[in-house]
Amino acid sequence: MPYCSKCGVELDRHLKKCPLCKFPIPKIDDEISLPVYPGIDRNNSITNKEIRLITWQILCTIFAIAFFVSLVTDLIINRHVTWSAYVMIGIGMAAFFTTFFIFFFKTPLVIIICNCSATIIFLFLLDHNDGRYQWFWFFGLPIWGMLTLIIVVAYILIRTLKKPGLNVAGIIMSMIALFCMGLEMLISGYFGNLSIKWSFIVFAALIPLSILFIVYHYSFSKQYDIRKIFHV
Amino acid sequence: MPEEFEDGYNRYYKQKIPLPFRKEDAFHIKGKKIDRNLYNIITGIADVNLLLKKAKSFNVSLTEFLTALYIKSLIEYIASKPSMKQKKIKKPIRIMIPVNLRKIYPTISMRNFFLTVMPGIDPRLGTYTFEEILKIVYHTMRVDVDDKFINQQISRNVGGERNLLVRIVPLCFKIPMEKILYSRLSAREHSGVITNIGKVEIPENLAEHIERYEFIPNPNPFTVKNIGVISFEEKIYISFGSLCNETDIEKIFYRNLRKMEIPVKIETNME
Chain A
1 MPYCSKCGVE LDRHLKKCPL CKFPIPKIDD EISLPVYPGI DRNNSITNKE IRLITWQILC
61 TIFAIAFFVS LVTDLIINRH VTWSAYVMIG IGMAAFFTTF FIFFFKTPLV IIICNCSATI
121 IFLFLLDHND GRYQWFWFFG LPIWGMLTLI IVVAYILIRT LKKPGLNVAG IIMSMIALFC
181 MGLEMLISGY FGNLSIKWSF IVFAALIPLS ILFIVYHYSF SKQYDIRKIF HV
Chain B
1 MPEEFEDGYN RYYKQKIPLP FRKEDAFHIK GKKIDRNLYN IITGIADVNL LLKKAKSFNV
61 SLTEFLTALY IKSLIEYIAS KPSMKQKKIK KPIRIMIPVN LRKIYPTISM RNFFLTVMPG
121 IDPRLGTYTF EEILKIVYHT MRVDVDDKFI NQQISRNVGG ERNLLVRIVP LCFKIPMEKI
181 LYSRLSAREH SGVITNIGKV EIPENLAEHI ERYEFIPNPN PFTVKNIGVI SFEEKIYISF
241 GSLCNETDIE KIFYRNLRKM EIPVKIETNM E
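Order-wise, the sequence lines are chains A and B.
Last residue of the first sequence: number 232 in our numbering, and the count goes up by one each step with no gaps.
Last residue of the second sequence: number 271 in our numbering, and the count goes up by one each step with no gaps.
Calculated directly from the structure, the hints in this document are not laboratory data.
Heads up, some of the hints might be wrong.
As the list claims (entries may be wrong) - The list that follows gives simulated cross-link-like pairs (lysine to aspartate or glutamate, EDC-like), each with its CA atoms no further than 16 Å apart:
#1 K163(A) x E24(B)
#2 K265(B) x E10(A)
#3 K163(A) x D25(B)
#4 K22(A) x D248(B)
#5 K17(A) x E246(B)
Claimed, not checked - Where chain A lies over chain B, by a calculated footprint (3+ residues, C-beta under 8 Å):
#6 30-43
#7 66-73
#8 260-269
Heads up, the beta-carbon is just placed ideally off N, CA and C, and yes, glycines get one too.
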């Protein structure tokens with residue numbers, strides 16, 4: 001029987017190295033090596049990367065089918081591309097989003113940048129589709145810019161947290177409140193009546209709640225365990 | 001028999017008991033997880049009588065002895081890391097041990113009826129000798145396996161189940177929630193699990209056809225490594241189930257066993 005001289009343990013005959021310390025075991029010829037466990041066929045096990053790739057392929061096929069069905073239907077009925085342009089742009093956008101989520105799920109910043117870029121292209125194409133720019137330059141672009149900024153700032157703030165918890169919810173709520181205020185200012189400003197009405201209600205509801213969450217997280221969470229109240 | 005289907009937890013549930021305190025997060029083994037559908041098993045086979053004799057020389061049970069040895073191995077594993085990393089990972093080491101409740105609460109139910117105790121040490125407080133770890137494990141087992149503490153655990157577990165708000169939620173929503181709660185609360189409190197099934201006894205005429213029994217612990221992504229122990233005839237099978245390729249802890253554990261003059265044979269499904 002082979003032994004590992006480093007670990008001092010007896011090893012199974014079929015082992016080429018010690019499973020504990022990886023020390024190579026010299027081959028003993030006069031003994032027949034019989035594996036105790038059935039060998040694992042690692043070729044049959046699907047890795048996470050392969051699962052992601054298969055998921056992406058299936059989704060892309062579905063998108064491609066929807067893309068061509070809408071295009072062909074539109075061409076048969078109207079003889080040229082009309083409404084299907086919007087559908088195709090939407091499908092293209094969904095395909096972009098899915099691709100970024102599937103392949104860059106470990107790097108949220110890349111997902112944010114890619115998806116924000118895809119969104120602005122999507123909005124531009126939607127407005128550009130009928131040959132006139134009705135809303136992109138006045139609403140689409142500034143709202144997109146504001147939203148991107150808010151998402152990036154929220155992401156950076158959350159990443160810098162040493163102990164994420166309820167403070168994450170607090171940050172997200174504050175950002176939503178700020179976004180709503182900015183949105184209302186932008187829309188009302190465009191129509192020449194700069195004012196804050198409905199967004200102030202959102203602000204007044206979310207900001208105290210966000211402060212409560214942040215204060216609870218940093219001050220009281222050690223003293224009062226809210227989870228016990230809910231039997232969890 | 002209808003009693004065999006009985007839910008023992010519900011039977012012994014007591015209302016209005018304060019819930020047990022939540023423990024500080026325990027040390028967890030970190031390591032790159034292996035591929036999906038794979039599970040590494042390293043089984044150490046030893047003479048059960050020799051191991052029992054060793055445990056008795058310390059006046060402890062076999063489970064207590066193996067738990068103490070595992071805690072010692074985890075301490076040595078932490079100590080083997082660079083000092084900067086040690087500071088990060090040095091947290092209390094607690095090992096979860098399932099306890100059969102049938103000894104405390106009589107029931108003939110065939111359903112699950114066990115709870116757990118968690119003996120452990122805090123390596124930040126200083127160095128521990130093996131005898132000191134054994135002493136802590138031994139006394140924790142006796143203090144925590146007490147009907148009052150067990151009642152607290154039953155009350156916590158069953159209380160949520162009886163809550164009307166929880167009961168009206170469909171199961172499909174509750175199951176993912178349970179997983180989240182397990183990872184956020186329960187799994188954080190212990191560094192690993194040792195389950196000792198004990199000795200398997202079967203009729204003699206059947207035993208001659210059976211080569212061995214092995215008890216493989218369930219894969220757990222939070223603790224990464226767990227131990228399942230079972231003994232059959234003269235052998236004891238101590239199996240590490242692991243979701244990472246790193247075998248440092250197993251190495252330290254079996255080497256420690258070997259240092260105690262207990263011969264061990266290693267078998268694995270790893271390549």
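Results of checking the hints against the structure:
Distance check on the hinted pair: K163(A) and E24(B) sit about 14 Å apart at the alpha-carbon level, within 16 Å; holds. About 4 Å separates the Cα atoms of K265(B) and E10(A), which keeps this hinted pair within 16 Å; it holds. This hinted pair checks out: K163(A) and D25(B) have alpha carbons roughly 13 Å apart, not beyond 16 Å. Of the supplied pair hints, the one linking K22(A) and D248(B) holds, its CA atoms being roughly 10 Å apart against a limit of 16 Å.
Between K17(A) and E246(B) the CA atoms are separated by roughly 14 Å; this keeps the pair inside 16 Å, and the hint holds. For a cut-off of 8 Å, the count of residues in the region 30-43 of chain B with a CB near a CB of chain A stands at 6, and the three-residue condition holds. For the region 66-73 of chain B, the proposed coverage by chain A is not satisfied: 0 residues have a C-beta within less than 8 Å of a C-beta in that chain, short of the threshold of three. Under a criterion of three residues with beta carbons nearer than 8 Å to beta carbons of chain A, the stated coverage of the region 260-269 of chain B is upheld, 7 such residues being counted.
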